[in-house]
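Student: Here's the letter readout for the chains.
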Amino acid sequence: MTDLIRLTIAEARDEMKKGAFSSVELTDAYLAAIEAANPAINAYVKVTADKAREMAKASDARRAGGTAGALEGIPLGVKDLYATEGVHTQACSHVLDGFEPRYESTVTANLWADGAVMLGKLNMDEFAMGSSNETSYYGPVINPWRAEGSNANLVPGGSSGGSAAAVAALMCAGATATDTGGSIRQPAAFTGTVGIKPTYGRCSRWGIAAFASSLDQAGPIARDVRDAAILLGSMASVDDKDTTSVDLPVPDYEAALGGSVKGLKIGIPREYRVEGMPAEIEALWQQGIAWLRDAGAEIVDIELPHTKYALPAYYIVAPAEASSNLARYDGVRYGLRVPGKDIADMYEKTRAEGFGQEVKRRIMIGTYVLSAGYYDAYYLRAQKVRTLIKRDFELAFEAGVDAILTPATPSSAFAVGDEDLASDPVKMYLNDIFTVTVNMAGLPGIAVPAGLDPKGLPLGLQLIGRPFEEETLFKTAHVIEQAAGRFEPKRWW
Amino acid sequence: MSVDLATVKRVAHLARIAVTDEEAARMEGELNTILGFVEHLSEVNVDGVEPMTSVTPMAMKKRADVVTDGSKAEDIVANAPESTDNFFVVPKVVE
Numbered sequence: 001m002t003d004l005i006r007l008t009i010a011e012a013r014d015e016m017k018k019g020a021f022s023s024v025e026l027t028d029a030y031l032a033a034i035e036a037a038n039p040a041i042n043a044y045v046k047v048t049a050d051k052a053r054e055m056a057k058a059s060d061a062r063r064a065g066g067t068a069g070a071l072e073g074i075p076l077g078v079k080d081l082y083a084t085e086g087v088h089t090q091a092c093s094h095v096l097d098g099f100e101p102r103y104e105s106t107v108t109a110n111l112w113a114d115g116a117v118m119l120g121k122l123n124m125d126e127f128a129m130g131s132s133n134e135t136s137y138y139g140p141v142i143n144p145w146r147a148e149g150s151n152a153n154l155v156p157g158g159s160s161g162g163s164a165a166a167v168a169a170l171m172c173a174g175a176t177a178t179d180t181g182g183s184i185r186q187p188a189a190f191t192g193t194v195g196i197k198p199t200y201g202r203c204s205r206w207g208i209a210a211f212a213s214s215l216d217q218a219g220p221i222a223r224d225v226r227d228a229a230i231l232l233g234s235m236a237s238v239d240d241k242d243t244t245s246v247d248l249p250v251p252d253y254e255a256a257l258g259g260s261v262k263g264l265k266i267g268i269p270r271e272y273r274v275e276g277m278p279a280e281i282e283a284l285w286q287q288g289i290a291w292l293r294d295a296g297a298e299i300v301d302i303e304l305p306h307t308k309y310a311l312p313a314y315y316i317v318a319p320a321e322a323s324s325n326l327a328r329y330d331g332v333r334y335g336l337r338v339p340g341k342d343i344a345d346m347y348e349k350t351r352a353e354g355f356g357q358e359v360k361r362r363i364m365i366g367t368y369v370l371s372a373g374y375y376d377a378y379y380l381r382a383q384k385v386r387t388l389i390k391r392d393f394e395l396a397f398e399a400g401v402d403a404i405l406t407p408a409t410p411s412s413a414f415a416v417g418d419e420d421l422a423s424d425p426v427k428m429y430l431n432d433i434f435t436v437t438v439n440m441a442g443l444p445g446i447a448v449p450a451g452l453d454p455k456g457l458p459l460g461l462q463l464i465g466r467p468f469e470e471e472t473l474f475k476t477a478h479v480i481e482q483a484a485g486r487f488e489p490k491r492w493w
Numbered sequence: 001m002s003v004d005l006a007t008v009k010r011v012a013h014l015a016r017i018a019v020t021d022e023e024a025a026r027m028e029g030e031l032n033t034i035l036g037f038v039e040h041l042s043e044v045n046v047d048g049v050e051p052m053t054s055v056t057p058m059a060m061k062k063r064a065d066v067v068t069d070g071s072k073a074e075d076i077v078a079n080a081p082e083s084t085d086n087f088f089v090v091p092k093v094v095e
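Order-wise, the sequence lines are chains P and G.
If you read the first sequence in my numbering, its first letter stands for residue 1, the second for the next number, and so on.
If you read the second sequence in my numbering, its first letter stands for residue 1, the second for the next number, and so on.
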C-alpha cells in the first residue's frame with residue numbers, strides 16, 4: 001500500500017479512472033502513512049479518519065455510478081485556517097478552543113464537490129502569523145528534510161508549514177494553504193514542494209479565518225507543478241459570498257503545461273539581489289535564468305525600485321488589518337472564555353490567555369498604527385507606498401514582461417528554536433523579503449523547487465505573473481521543473 | 001517614533017489584551033524594534049500618490065437587497081462558551 005502514496009494526484013487520478021485501485025484503498029494508505037509519520041512531523045492537528053473513509057466510500061460509489069469529478073477520490077489535507085463543517089477549525093490558536101463551525105469554506109466546498117476526500121486539518125502558525133510554524137498552539141511542525149549527516153530538526157517554514165510538510169512527507173496527495181506575505185511559497189521552498197499564491201480575488205476567502213483581508217489568498221501546495229495546477233483549478237471559483245472574488249471564468253490550468261516559453265519575456269529584478277544573500281541562492285537564480293533562456297525565453301533586466309519598502313509597509317498594513325479582524329475573538333461567540341470581574345476584564349483575560357506572543361505583538365502594532373494621531377504617519381503612508389510597489393510591477397508588465405523570476409527565499413530551512421531569529425522579530429520577518437511584494441501588489445506567484453544547497457536542503461525559485469495569468473506561471477514553472485527534476489527527502493521518520 | 005511603557009499599556013488596553021508589567025516591558029522593546037524597522041518608509045516620497053484602497057481595479061460587487069439567509073439561531077450560538085435560549089450570555093454590563 002505504501003506505493004499508492006507515492007503517486008501524484010495526476011497519476012492517482014488516471015489509475016483510479018482505469019480501476020487500478022479504489023479511493024478507499026488510497027485513503028487507507030494515506031491514513032496509515034499519517035499514523036506512521038505524524039508523531040515525528042506533527043503536520044496534522046486533527047486526523048478525520050472516519051470522515052475520510054466515508055468520503056472515500058461515497059467517492060467510489062459516485063465513480064461506479066459514472067460521475068467522477070476532477071479530484072474524484074483524491075485524499076487531501078486542509079490547513080486549519082479553513083472552516084470545515086463540524087470539524088476542528090482553530091487557526092491553530094488557543095483562543096478558538098473547541099470551535100467546530102456549522103458551515104464550510106467556499107474553497108473546501110469546491111474541493112469536495114469535485115470529489116476530493118478530507119484526511120484532516122493541518123498545523124500552521126497561529127492565525128497564519130509566522131514564517132517557521134513555531135507560533136502554533138499545537139507545537140512546531142518538523143521539516144521532513146534534514147541537512148546531510150545531521151539529525152537536527154529544521155522548520156518547514158510558515159505559516160502553511162503543516163501543509164508543506166504533509167505534502168513532502170507523503171501524508172496527503174496535496175494540501176490547501178493560504179498566503180498573506182509568503183505563507184505558501186516560503187514553506188514550499190523549504191520542503192521541495194510546489195506552492196502557488198494566485199491573484200488576489202481568484203479564490204474565495206469566504207470561510208477562511210481572516211488575517212489581513214487585503215493580502216490573504218488561498219492556494220495549494222503540491223508535489224509538482226501539474227498537481228498544483230489541478231488543485232488550483234478546483235479551489236478557484238467566482239463566489240458571491242466574497243465581494244473581492246473576481247468575475248472571471250476559471251481556466252483549465254493543467255492544459256497550460258507543456259506549452260512553449262519561446263519568446264516569453266522574463267524579467268530579472270536587480271533589487272532582489274540583497275546584501276548578505278548566500279552564494280548558493282545567487283547560483284540557483286543564475287541556473288534558473290539559464291534554463292529559461294535555453295528554453296527560448298528572452299531574459300531582460302528590470303527595475304522594481306520600491307522593493308525594499310515592501311516589507312516595512314507590510315508590517316504596517318498586515319498588523320493593522322489583523323488588529324481589526326481579530327477583534328472578534330472576545331470570549332462571547334466562540335472559543336475560549338476566561339472569566340473576569342466584568343465584561344471588559346473578561347475580554348482582556350480571554351485574549352491574554354487565548355493569543356500567543358506573536359499574535360499579540362501584531363495586534364499591538366496594528367492597534368498602535370491605527371490609533372488617533374498616528375493613522376496618517378503609518379497606515380496612510382504605507383498604503384501610498386503600496387501604490388508605488390504595485391506601479392513598479394505595472395511598469396514592468398507594460399514594457400512587455402510576461403513573468404518575473406526571483407529566488408523564493410533568502411536561505412534554506414533553518415533550525416527549530418533558532419535563538420537568533422527568536423530574539424529579534426524583524427529577523428524572522430526578513431524570510432518573506434522576496435515573497436511579500438507579490439501580496440502587496442495582489443499578483444500571482446509560484447514557488448518551484450530548483451535545486452539543493454550544499455547541505456542537501458531544497459531551494460526554490462519564484463515566478464511572479466501578471467494579474468490572472470496563472471497559466472503563464474504554470475507553463476514556465478513546468479519548464480523549470482523539467483530541467484531541475486523533483487526532490488524528495490530521505491525517509492527518517 | 002517609539003513607544004514608552006505607558007503607551008504599551010494604553011495600547012494593550014485598547015486592544016483588550018491584559019498585560020503584566022513584565023510583559024509590557026518586554027513588548028516595549030519588541031514593538032520599538034518593529035517600529036524602527038517600519039520607519040524606513042519615511043524615506044519614500046509619497047507626494048501626490050493615492051493610497052491603495054482596492055487590490056484589483058474593480059467595483060465592489062453588490063448583491064440584491066433581499067433576505068437570503070437567516071433562521072439559524074441555534075447554529076449561531078452552537079459554539080458559544082455560554083448561551084441561553086439562543087442568546088449569548090455575558091457578565092452583567094448594566095447595574
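Careful, some of the hints might be misleading.
[Stated by the list, open to error] Between beta-carbon pairs, the in silico distance windows are:
{"id": "1", "chain 1": "P", "residue 1": "Gly258", "chain 2": "G", "residue 2": "Glu22", "range": "54 to 62 Å"}
{"id": "2", "chain 1": "G", "residue 1": "Glu50", "chain 2": "P", "residue 2": "Arg328", "range": "28 to 36 Å"}
{"id": "3", "chain 1": "G", "residue 1": "Glu39", "chain 2": "P", "residue 2": "Arg62", "range": "56 to 64 Å"}
{"id": "4", "chain 1": "P", "residue 1": "Asn153", "chain 2": "G", "residue 2": "Glu22", "range": "15 to 23 Å"}
{"id": "5", "chain 1": "P", "residue 1": "Glu419", "chain 2": "G", "residue 2": "Ala64", "range": "39 to 47 Å"}
{"id": "6", "chain 1": "P", "residue 1": "Leu248", "chain 2": "G", "residue 2": "Val66", "range": "23 to 31 Å"}
Everything labelled a hint here was simulated from the structure, so no lab data went into it.
Cβ coordinates follow ideal geometry from the N, Cα and C atoms, glycine included.
Student: Against the earlier hints, flag every one the structure doesn't satisfy and list their numbers going up.
Tutor: 4 and 5
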